[in-house]
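*Asks:* Here is what each chain is made of, one letter per residue.
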Amino acid sequence: MKESSLNEMTVQFPSLSENERFARLAVSGFISSLDPALDELSEIKTAVSEAVTNCIVHAYRDTVGIISMQVRILEGMRVYIRIRDKGCGIPDVAQARTPLFTTAPDEERAGLGFAIMESFTDRLRVTSREGKGTTVTMLRTLRTRKPADGEV
Amino acid sequence: MPVSVFYDASTRTVLAELSGDIDHCTARGLRTPVDEEILKHLPLRLILDFEKVGFMDSSGIGLIIGRYKLMNDLGGSIIAVNPSPEVRKVMDLAGVGRLCSIIYQKHRSFVGGIKL
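Chains as they are written, first to last, in my numbering: chain U, 13 to 164; chain A, 414 to 529.
Rather than coming from a laboratory, the hints here were simulated on the basis of the structure.
Glycine is no exception: its CB is placed at the ideal position from the N, C-alpha and C atoms.
Please note that a few of the clues may not be correct.
[Unchecked claim] Which residues of chain A face chain U? A few of them, derived with a C-beta cut under 8 Å, are:
hint : residue
1    : D421
2    : A422
3    : E430
4    : H437
5    : C438
6    : G442
7    : E464
8    : F468
9    : S471
10   : L476
11   : G479
12   : V503
13   : L506
14   : G510
[What the hints assert, rightly or not] Short derived list, chain A residues pointing at chain U, Cβ under 8 Å:
hint : residue
15   : D434
16   : E449
17   : G475
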């Protein structure tokens, strides 16, 4: 059963490289009401940047497709982020998640995208079907900075 | 300009001041002028100054590794200077410290990135 959100947004944008920055700014704007600490915000932005870059560089390799990003704020200062594409899919997700594995070394891709998403979030889930697309979901619980009385 | 590149002949050092966000979108524009300067002067040392970099993802790691390989082929080395704590965290995750020194210096110069 889907947990209800305190707030939720879904944005869709084409897989253009300049939208990496847009995705980071959109997420950081949306979660600003939670008043995240600078390091938390920066880590979430980095994880989002990696996921969106994967869609652009890999999923829609020689084409432009739609990237869908959903951000949900859940009870307990939790941020849920789902980034989905309808691109080529990943034949072997476990291999793709291995640090330093990359299919694009000539483009100076370090092969650290999933490793960074994993380190900078509490939970990372990757589901993919070849020819259908990939969905990455990330969950990150923020520290409570200013516990206010009677406020969630 | 997201990158300013300087060459000091007396120390055979190229200094690249990077700025803004380093991601997949900006990485190519950052590396081209740096590589041009390196291939023009064949320096012994490359200093990458991260002081004005506000954000960096794994594309920045690719940028560092690529320049490390190029400088290594020339028998030279690279130094990373003044990354913010957020940028440093990405560097540490990737083990960039194994490829180059990461130093903090208020007044960096061409000599090892350190003001003498």
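*Asks:* Now, for every hint given, state plainly whether the structure supports it.
*Replies:* Results for each hint:
no. : hint : verdict
1   : D421 : 26 Å, violated
2   : A422 : 28 Å, violated
3   : E430 : 20 Å, violated
4   : H437 : 5 Å, holds
5   : C438 : 4 Å, holds
6   : G442 : 11 Å, violated
7   : E464 : 16 Å, violated
8   : F468 : 7 Å, holds
9   : S471 : 4 Å, holds
10  : L476 : 7 Å, holds
11  : G479 : 5 Å, holds
12  : V503 : 6 Å, holds
13  : L506 : 6 Å, holds
14  : G510 : 15 Å, violated
15  : D434 : 6 Å, holds
16  : E449 : 16 Å, violated
17  : G475 : 4 Å, holds
Consistency with the previously given hints fails for numbers 1, 2, 3, 6, 7, 14 and 16, ordered from lowest to highest.
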